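Participant: So the protein sequences, as listed, match chains A and B.
Here the numbering used here is used: the first residue of the first sequence is 1, the next is one more, and so on.
Here the numbering used here is used: the first residue of the second sequence is 1, the next is one more, and so on.
Calculated directly from the structure, the hints in this document are not laboratory data.
Check each hint, because a few of them may be wrong.
The following label-pair restraints were derived from C-beta to C-beta distances [claimed, not checked]: (1) A:242 <-> B:104: 30 to 38 angstroms; (2) A:242 <-> B:102: 24 to 32 angstroms; (3) A:243 <-> B:21: 46 to 54 angstroms; (4) B:41 <-> A:78: 54 to 62 angstroms.
According to the in silico footprint, chain B covers these stretches of chain A (three or more CB under 8 angstroms from chain B) [unchecked claim]: (5) 146-155; (6) 226-236.
Covered by chain B, according to a simulated footprint, are these stretches of chain A (three or more residues, beta-carbon under 8 angstroms) [stated by the list, open to error]: (7) 158-165; (8) 171-183.
These numbers were taken from a predicted model, which means no experiment stands behind them.
Glycine included, C-beta positions come from ideal geometry on N, C-alpha and C.
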Amino acid sequence: MAHLSPVTGRYVTIDVMGDECKVFFLENGQGQPLVCQHTAGCHNHQWRELLEDEEITKDYRVIAYDLVRHGKSDPPKNREWWKEEYRLTADYYTAFIVAFCDALELEDPIFMGSSFGGQVALQLALRHPDRFKAVIPVEAADYSPGFFLDWWQHPHANAAQVCASGVWDLMAPQSPDKDRWATWFYYTQGSEAFRGDLYFYSVDHDLRGRLEEIDGEKCPIVIMNAEYDYLTNPEEGQTTAEQIKGAEFIEMKAIGHFPMSENYPVFKEYLQQALQIIDGRAGAPVGGAQQGTQGREQQGEEDKGLLDRAKEKLT
Amino acid sequence: MTAEAAVAGGWIEDFRRASDEDAEIQAHGRYYSCAFLLDMEEHSYLVSMHAGKLEEILEDPGPLDERYQFVIRASAETWRNFAQDPPPPMYHGLFAASFRTDMSLEGDLLVLMQNLRCVVRQMELLRVTGVPV
Numbered sequence: 001m002a003h004l005s006p007v008t009g010r011y012v013t014i015d016v017m018g019d020e021c022k023v024f025f026l027e028n029g030q031g032q033p034l035v036c037q038h039t040a041g042c043h044n045h046q047w048r049e050l051l052e053d054e055e056i057t058k059d060y061r062v063i064a065y066d067l068v069r070h071g072k073s074d075p076p077k078n079r080e081w082w083k084e085e086y087r088l089t090a091d092y093y094t095a096f097i098v099a100f101c102d103a104l105e106l107e108d109p110i111f112m113g114s115s116f117g118g119q120v121a122l123q124l125a126l127r128h129p130d131r132f133k134a135v136i137p138v139e140a141a142d143y144s145p146g147f148f149l150d151w152w153q154h155p156h157a158n159a160a161q162v163c164a165s166g167v168w169d170l171m172a173p174q175s176p177d178k179d180r181w182a183t184w185f186y187y188t189q190g191s192e193a194f195r196g197d198l199y200f201y202s203v204d205h206d207l208r209g210r211l212e213e214i215d216g217e218k219c220p221i222v223i224m225n226a227e228y229d230y231l232t233n234p235e236e237g238q239t240t241a242e243q244i245k246g247a248e249f250i251e252m253k254a255i256g257h258f259p260m261s262e263n264y265p266v267f268k269e270y271l272q273q274a275l276q277i278i279d280g281r282a283g284a285p286v287g288g289a290q291q292g293t294q295g296r297e298q299q300g301e302e303d304k305g306l307l308d309r310a311k312e313k314l315t
Numbered sequence: 001m002t003a004e005a006a007v008a009g010g011w012i013e014d015f016r017r018a019s020d021e022d023a024e025i026q027a028h029g030r031y032y033s034c035a036f037l038l039d040m041e042e043h044s045y046l047v048s049m050h051a052g053k054l055e056e057i058l059e060d061p062g063p064l065d066e067r068y069q070f071v072i073r074a075s076a077e078t079w080r081n082f083a084q085d086p087p088p089p090m091y092h093g094l095f096a097a098s099f100r101t102d103m104s105l106e107g108d109l110l111v112l113m114q115n116l117r118c119v120v121r122q123m124e125l126l127r128v129t130g131v132p133v
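The shape of chain B in the complex, shown without the other chains (with noise of 0.2 angstroms):
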C-alpha cells in the first residue's frame, strides 16, 4: 500500500465513521439511499449510502465498476477549501461553490434533490475528517 492510498483509506474509514455516526443523518435519513461519485480531481470517490448507512465507498472506480445517479466536480484546491472550518465564503457548501467557485453539480440532480438534506449534511462532515487530496 502507497502512502498515499494510506492516506485515502484512513479517510474512507474516518468519513465512514463520521457519516454512520452522525446524529442528523441517523435521525433523518431512513430513506437515504443512492450512490453519488465525488470528484476530487487527483482522486475521485464513488459513494453508496443505503437507509442513511455508508454501505461502500469505492476509491477512483473503473469506467465500469458500479452505477451512480449525480456527481459532485470541483478542483482539488476547492474541495481543500470546502474542508476547511470554518471554510472561506463561497467554499461553504455545495449551493454556494457551485454558483461561485469551480464545482459543479452534474447527473441525475432530481435524485439529490431528493436527499438534499442528508447530502449537504454529509459534506459538511469533511471539516471534521478532511479530504483525502
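Okay, chain A solo, but in the shape it has when bound (with noise of 0.2 angstroms):
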C-alpha cells in the first residue's frame, strides 16, 4: 500500500502589481490558517516537518507557497523577467502575500516566515494589520545588513555551494545532520533567486526609527530569534520587540536562522508558544489608542502572564 502523505501541492494564479504569478503552495490540516513563508533563495520544503504534524494540523490550516521566482514557482509569466536584475523590494513582497491570501479567500491568517520571511512579516504588521490576525517573525530584526552580495552569484565560482555552504552555519552544529543537510540540499537550488532576495533583506527592509507605527495589539506579533543565528540574533530581535507596542519576544536556545527546517522538535515547542500567546490575545481587548499608557502596561502584564502560562504548559 502507497505510504502517501496528507499533504497536498497545488498552483493559483495572482496578480501582483500587474505580474502574473503562478503559485505553488502545499498544504494540509483544517481550522485557523497558518500561512508559511520559507526563507531567501529557498523553498516551500522549509516547511514539511510542520505540514505533518498533526498535533499542529488538526486545529491549522497549514499552508506553505513557494515565492514566484522559487521552487515550483516560475518567474512572472507575463513579463521578459531574464532582461532585468532581481531585486526584490518590500512593496512587491507584501503585494504577493497579500494577494495569494486573498487568492486563497483566507480569513484572518496568521502568517509566519523565517528570516526574509521574518522581516515581511513585519512589514505585514505595518502596511496591513488588519488583514492578519497575527504575525511570527522567526529570525527577524528591524534592520539585517551585509548579506547582500555579489558571492551569491559570482560567475567565477559554483553559486550552488556558495550559496549552501555560505549559510551553513546559519545552523546550529546542534542541529541533526540529516536536516542540516536536507537545507543545504535547499540552498543549492536557489542561487539566481538568493541575491535578490537579499536586496530586501538587506537594503529596502529597513524599519529603524519606524516600529513604534507597528500595532502589536492590533495584528498580534510574536518574534522569536535563535541563539546560533549570527545575522538577527536574539538581542536583536528582543530589542526590535521592545520597540513595537504589545510585542512579544522568544528567544530559541540551541538553534539557528532556519529553525523549521533544521531541527523541527525544538522548534516546534516555541511555535507552540507563540500560538498560545496568539490564542490567548485573540480575546483580548483590542484598540490600543483608547487604552492608553496604563492600558498598555496592563495588556503588557497580561501578555507576559500569557508567556509564561505558555512556558509552564510545555515544559
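Two chains, two frames, some hints: make the complex.
Facilitator: As C-alpha cells, this is what we get:
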C-alpha cells in the first residue's frame, strides 16, 4: 500500500502589481489558516515537518507557498524577467502575500516567516494589520545589513555551493545532520533568486525608527530569534520587539536561522508557545490608542502572564 | 624540540589525518587545491591542499617561504572557542565568527568561495583535533 502524505500541492494564479504569478503551495490541516514563508533563495520544503505534524494540523490549516521565482513558482509569466536584475522590494513582497491570501480567500490568517520571511512579517504588521490575525516573525529585526552580496551569484565560483555552504553556519551545530544537509541541499537550488531576495533582506527592509508605527495590539506579533543566528541574534530580536507596542519576544535556544527546517522538534516547542500567546490575545481587548499608557502596561502584564503560562504548559 | 613544538607537531599530524580521512572532503574535494594561512595569533599555519589531500602544513612560515591565496585570521581565544564541541554561539562557523567576533577573512576571497564547501568542513575538523594555541 502506498505511503501517501496527507500534504497536497496545488497552483493558484495571482496578480502581483501587474505580474502574472502562478504560485505553488503545499497545504494540510483544517481550522485557523497558518501561512508560512520560506527563507531567501529557498522553497516551501523547509516547512516539511510542520506540514505533516498532526498535533498542529488538527487545529491549523498550514499553507506553505513558494514565493514567485522560488521552488515550483516560476518567474512572472507575462514579463521578460530575464532582461532585468532581480531585486525584491518590500512593496512587491507584501503585495504578493496579500494577493495570495486574497486568492485563497483566507480569513484572518496567521502569517509566519523566517529570515527574509520574518522581516516581511514585520512589514505586513506595519502595512496590513487588518488583513492578518497575527504575525510570527522568525529570525527578524528592524534591520539586517550585510548579506546583499555578489558572491551568491559570482560566475567564477560554484554559486550553488557558495549559497549552500555560505548559509551553513547560520544553523546550529546541535541540529541533526540529516536536517542541516536537507537545508543545505535546498540552498543549492536557489542561487539565482537568493541574491535578489537579499536586496529586500539587507537593503530595502529598514524599519529603524519606524517600529513605533506598528501596532502589536491590533495585530499580535511574536518575534522568535535563535541563539545560533549570527545575522539577527536574540538580542536584536528582543530590541526590535521592545520597540513595538504589544509585541512579544521568545529566544530559541540551541538552534539557528532555519529553525523549522534544521531542527523541527525544537522549533515546534517555541511555535506552540507563540500560537498559545496568539490564542490568548484573540480574546483580549484591542484598540491600543484608546487604552492609553496604563492600558498598554496592563496589556503587557497580561501578555507576560500568557507567555509564562504557555511556557509552563509546555515544560 | 620544545614541548610547544611537540604539541604543534602532534596537531599537524592529527589535522592531516582527520582531513585526509574525512568522508565529506574525500567525496567532494577532487578539485580542492589551494593554499591558505590560518593565523591563530600565537602561531600561524600555512595549509596547502592538492586534489582534496593535505599536501603540507608549515608552522609559522617565514615572510617569503610559500605563497597562499587567503587568510583566516583570529585571536587565539577565538580559535579556542571555535574548536569547542559544541562551539558557543557565534564561534560555530567561519561566516558566523567573521560577522560577530574578531575573525577576519582576508586575501583572495574568490578562492575561498570556490572551495567553500571543503574549507567549511575542514575547519569543523578542528573540533576533533583541537587547535595548537
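Participant: Of the hints stated earlier, which fail here?
Facilitator: Nothing - there is no hint that the structure violates, so all of them hold.
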